[in-house]
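A.B. asks: Letter by letter, the chains look like this.
Number of protein chains: 4
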Amino acid sequence: MKMSLYDVAQLAHVELYTPKLKESVEFFTKIMGLQVTVEAGESVYLRAYEDFYHHTLKLTAGPEPGLGHVAWRASSPEALERRVKELEESGQGKGWIDGDLGHGRAYQFTTPDGHLQEILWEVEYYNPPEDQKTLLKSRPQKRPMQGVPARRLDHVNLMCSEVTPNKEFMAERLGFKLRERIVVGEERELGAWMSVSPLVHEVALMQDQTGNKGRFHHIAFWYGYPQHLMDLADLLVENGIKIEAGPGKHGVSQAYFMYVFEPGGNRVELFGDSGYLIFDPDWKPITWREEDLQEAIIWYGSPLPEEYFLYGTPDRKVGEPVV
Amino acid sequence: MKMSLYDVAQLAHVELYTPKLKESVEFFTKIMGLQVTVEAGESVYLRAYEDFYHHTLKLTAGPEPGLGHVAWRASSPEALERRVKELEESGQGKGWIDGDLGHGRAYQFTTPDGHLQEILWEVEYYNPPEDQKTLLKSRPQKRPMQGVPARRLDHVNLMCSEVTPNKEFMAERLGFKLRERIVVGEERELGAWMSVSPLVHEVALMQDQTGNKGRFHHIAFWYGYPQHLMDLADLLVENGIKIEAGPGKHGVSQAYFMYVFEPGGNRVELFGDSGYLIFDPDWKPITWREEDLQEAIIWYGSPLPEEYFLYGTPDRKVGEPVV
Amino acid sequence: MKMSLYDVAQLAHVELYTPKLKESVEFFTKIMGLQVTVEAGESVYLRAYEDFYHHTLKLTAGPEPGLGHVAWRASSPEALERRVKELEESGQGKGWIDGDLGHGRAYQFTTPDGHLQEILWEVEYYNPPEDQKTLLKSRPQKRPMQGVPARRLDHVNLMCSEVTPNKEFMAERLGFKLRERIVVGEERELGAWMSVSPLVHEVALMQDQTGNKGRFHHIAFWYGYPQHLMDLADLLVENGIKIEAGPGKHGVSQAYFMYVFEPGGNRVELFGDSGYLIFDPDWKPITWREEDLQEAIIWYGSPLPEEYFLYGTPDRKVGEPVV
Amino acid sequence: MKMSLYDVAQLAHVELYTPKLKESVEFFTKIMGLQVTVEAGESVYLRAYEDFYHHTLKLTAGPEPGLGHVAWRASSPEALERRVKELEESGQGKGWIDGDLGHGRAYQFTTPDGHLQEILWEVEYYNPPEDQKTLLKSRPQKRPMQGVPARRLDHVNLMCSEVTPNKEFMAERLGFKLRERIVVGEERELGAWMSVSPLVHEVALMQDQTGNKGRFHHIAFWYGYPQHLMDLADLLVENGIKIEAGPGKHGVSQAYFMYVFEPGGNRVELFGDSGYLIFDPDWKPITWREEDLQEAIIWYGSPLPEEYFLYGTPDRKVGEPVV
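Those sequence lines, one after another, are chains F, P, Y and V. Counted from 1, the first sequence has number 1051 at position 1 by this note's numbering; the numbering is strictly sequential. Counted from 1, the second sequence has number 1129 at position 79 by this note's numbering; the numbering is strictly sequential. Counted from 1, the third sequence has number 1371 at position 321 by this note's numbering; the numbering is strictly sequential. Counted from 1, the fourth sequence has number 1146 at position 96 by this note's numbering; the numbering is strictly sequential.
One or more hints might be untrue.
To be verified - Derived, one-sided and incomplete: chain F residues facing chain Y with beta-carbon distance under 8 Å:
hint : residue
1    : Lys1080
2    : Ile1081
3    : Glu1180
4    : Thr1184
5    : Leu1185
6    : Leu1186
7    : Arg1193
8    : Met1195
9    : Gln1277
10   : Asp1284
Quick caveat, the hints were computed from the structure, so don't treat them as lab data. Virtual Cβ for every residue (Gly too), placed ideally from N, Cα, C.
Turn these sequences into a full structure, and let the hints steer you where they fit.
C.D. replies: Below, the structure is given as structure tokens:
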């Protein structure tokens, strides 16, 4: 039995940089109905109303948009130790930090492409104020009355100068299972969708067609109902927030998607579907090839513009290094 | 690390007896859009269009409705061996069978209440005929054009003379995690919802208020969209199929539910929601008590009639033994 | 050609009394997303975001909940004159008023049961502030970000000591067409649904089973999407607003309904469906009889409690006069 | 009072030519769930399950796809006579025909652009076979179990060499009200949406950018639920039926649309929304200009390809005459 398959339990939170902190917070709270847990210094900690922990999104002021870090929760204290040992051996480890608001000590590392990540065990649960307590015991607070409220953090998509080594790193060192991938030519991977749970992905790795390293493609929040993406689209159009693509259905992951840009410039995906879940313990990864690409990318609905494959944060041109 | 937590991967299939085999098959195929894989002797093997295996529902002719057996798939061949050893030690083991259409050898056992179950590793995947092949690679066949097609098997609900010992058996011998429960008085459990995945339950155990042992409450198929339950309700009412309750939303499991009786007399739940998923590896089971029961059972929508708590299959009165 | 068939164009607005003006306004604005146009003295004027006129709901402080008045817009100034002449002849006319905020002079009258109504031509259109202007030209303002916003006023339901004379009055004097009705015994009408447009009803008349005269049953706002009633139900349950029944589908009018009580005590229906529309100029009214009543009242979903047939505003017991 | 405003009641049926009669019938019945009332000679008569009359779509074998005729039902026998007199005076009248299966005598005429139309009073109602009778009295038959069944005929869109004279003809001779329009430059109309009911349009007139006369753009069937367009899109993609655009939301008419080509080559729109309804008797037509065109055409979702503005049936190139 490969322990690694069960040592990472879930995506815990994501930190994003934004050059327009105030406007970004307004977008996430007023339109997407996220909740601010706390503001501290240059950061604002937020969560969706069905997220159980202290925060799932940390917005930090910065000169450019982009990824701060991605945090994974281990399955147990022992699982955390096992993974840290493995990460240290990988040469990608950076060391322990004391923690942050909402969680205890965490071990930091980077993907081969340079995306900062961390793994942790101790988390603080969200504790609602009295007037936000709900009788629905599986919901950590009342459903918000503001905007079209997202329900929970779903996944991140990271752009990579090369998909394969990053995929192998996530699989071998952290136990992510490959669920779907796009391959062109002689086994060149353009995309990989990986998960530690029945979700098709908690992380997607996507070829950065500018050739840059370590950029961020999108963070996804989950709604679960296609109608809510239409409601949100209506609000976005009326309020001048740019929809890049969608609503529409991807072949890959069967997601009913919509992509928008938050005011800081980061791409945000809204997931309006229940998609499909993978319970088969012997799942054979799905491979989409050139001849399937059209259906892979758009099963039906709004096409993706070219910028979808080129724009990430921070914004860089072809060949222009991120750092 | 407790191995048991990861040794059972998923609900593989359910066998139900029906005194009206032909009518039951018609209900599941014409109205719910299930697909017949094969008919063999007194049994018909079916699956929903997003079920990957040979079958997820086996309907077998019998004098009375009720449960044939519940089958679980192990996470690996080794996990299967570990569970069989544990089941043998439990005293609930019955021994190996050679298998059935669609799967290899399986180890049979019963719950303390007497529900026949089995655990297996080798499965046969569904192989669609040429005209049912789809370009959507995560879908094992085309979406049916018949009825309002269910997408996949979701869970089973078993009535128990006592919930607690059956819950403990599923937890200790098979690694099911307790997700939610209903408790009255001094810790008397009336219901337990358990899973091996982020689903809130693959199995629910419910107090049989007639005092009988080993009866079957319902099998649930998953739609994922509330609209589809409304579409189905429309068809059911027009075609004389009895809706027992719903559509409506449970507090427990947050399911958008509907309960109907298939012509053989077994209760079938249709799941029209994406519900919520549990990714927290340290989940504290939710306990609903007397004072919460109203919201636990019906968060909003159609109430449950008294028969919901009394009727199971086979149909028995208070104190009347099943066998 | 009967002129009367086209002289009344639409339901223009409804005035309700409430003993809890502040709480009623909060319910309609915070949860149902209605917009306050103006507050004046003891009244607050509101509209839904796709209502085109100055207001469609006027809430007025009063000692008891109940109907203030129902206002109809005529099809033209000439149509107004024709209807006033007819109303004067009917003996139900009360005379002209100068108008109110949002509309010009109006002719007042009562139904035989005593419900105060008026008919008018001149209306003031809603003029949004700059930040509420939308690019969607058929929408008078931006879609609100508050609560689950209703789209427009739909209909009123009036309780009558006897349905038939009130139905005849609405048909003969105002040109309402009978669309559906419930009849028991020897042609005793328990309910009549009438309209001047393809909607099944702008007004329903319902037997007051307490025997009282002139009471109010409900006002209905339209959402158009079943999902929104579920979203709203969620908010209502969490915030202690009582849902009387629903969501569910009526046979009569094919409406996907939900009934709630606003804090002042008046019943409000939310319409979550597109229902069906009647374009046939030679429509034969549908008659539901004893044997059809179950399907007429609930096609599927949540049943109606007994109080639905007894409770109206102001709240009165059997035989207790309204005034 | 202008009589003409109320003399036409509704769109009664549409005849389309198809070079692939069998395949067209299969598309409309198997995938869209339409019902065949009768086959007669080279024609097949169909209706959606909530259409009340004998048929709403007549498919006739022909060498090329395109419009056979559009039929309107008058509001009364007298209204029919008034309109015929008007049409005769217009010089566009062609004379009476004896009728067809499903309706009595009809007066034929053409638009200035040459689209064949007719107006009639006597219609035959659909009479379901015993096993198709439903308890839902406002539904002329049971909801079908085949495909994703459309509910009713909604509107037609006619391409015109010049919009304005055709718009004026429909307004002046038949009483259609202009609801929305697109205008470019110095009052050149590119599109006009007109209705005789609160629907935004039963007929749309659209500039034929090839300069041809009398071509057909699309027929629209109504679903009423956005989810059903997604369900249908899924079936279409899997079964090789081309989706031209959608699902998405138009600014004009607020329709949640999807455009597909039936196998004969005619464009079919599926309407998945309840849109908005116009009850204001004094409605000021909405004008969309160059600067609003983007939102007018696509409020959100899938864009329209260029062919949308060029392709009609029969298929013609720029400057190539239809006949």
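A.B. asks: Using Cβ atoms only, decide whether Leu1185(F) comes closer than 8 Å to chain Y, and label the hint accordingly.
C.D. replies: This interface hint holds because 7 Å falls under the 8 Å limit.
A.B. asks: Closer than 8 Å between Cβ atoms is the bar; does Arg1193(F) clear it against chain Y? Give me holds or violated.
C.D. replies: holds (5 Å)
A.B. asks: Tell me if Ile1081(F) is really an interface residue toward chain Y, meaning its C-beta lies closer than 8 Å to one of theirs.
C.D. replies: This interface hint holds because 7 Å falls under the 8 Å limit.
A.B. asks: Hold the hint about Gln1277(F) up to the distance rule: shortest CB distance to chain Y must be less than 8 Å.
C.D. replies: OK, holds: Gln1277(F) within 8 Å of chain Y, min 4 Å.
A.B. asks: Using the nearest Cβ pair, does Glu1180(F) come within less than 8 Å of chain Y?
C.D. replies: For Glu1180(F), the interface hint is violated, since the closest Cβ of chain Y sits about 13 Å away, which is over 8 Å.
A.B. asks: A closest beta-carbon separation below 8 Å is what the hint needs, so does Met1195(F) meet it against chain Y?
C.D. replies: holds (5 Å)
A.B. asks: A closest beta-carbon separation below 8 Å is what the hint needs, so does Asp1284(F) meet it against chain Y?
C.D. replies: holds (5 Å)
A.B. asks: Given a cut of 8 Å on the nearest C-beta pair, is the interface hint for Thr1184(F) held or broken against chain Y?
C.D. replies: At 5 Å from the nearest chain Y Cβ, Thr1184(F) passes the 8 Å test, so the hint holds.
A.B. asks: Does the nearest C-beta of chain Y fall within a distance shorter than 8 Å of the C-beta of Leu1186(F)?
C.D. replies: holds (7 Å)
A.B. asks: The hint names Lys1080(F) as touching chain Y; please verify it with the least Cβ-Cβ distance against 8 Å.
C.D. replies: holds (6 Å)
Checked against the numbered hints listed earlier, the structure breaks hint 3 alone; every other hint is satisfied.
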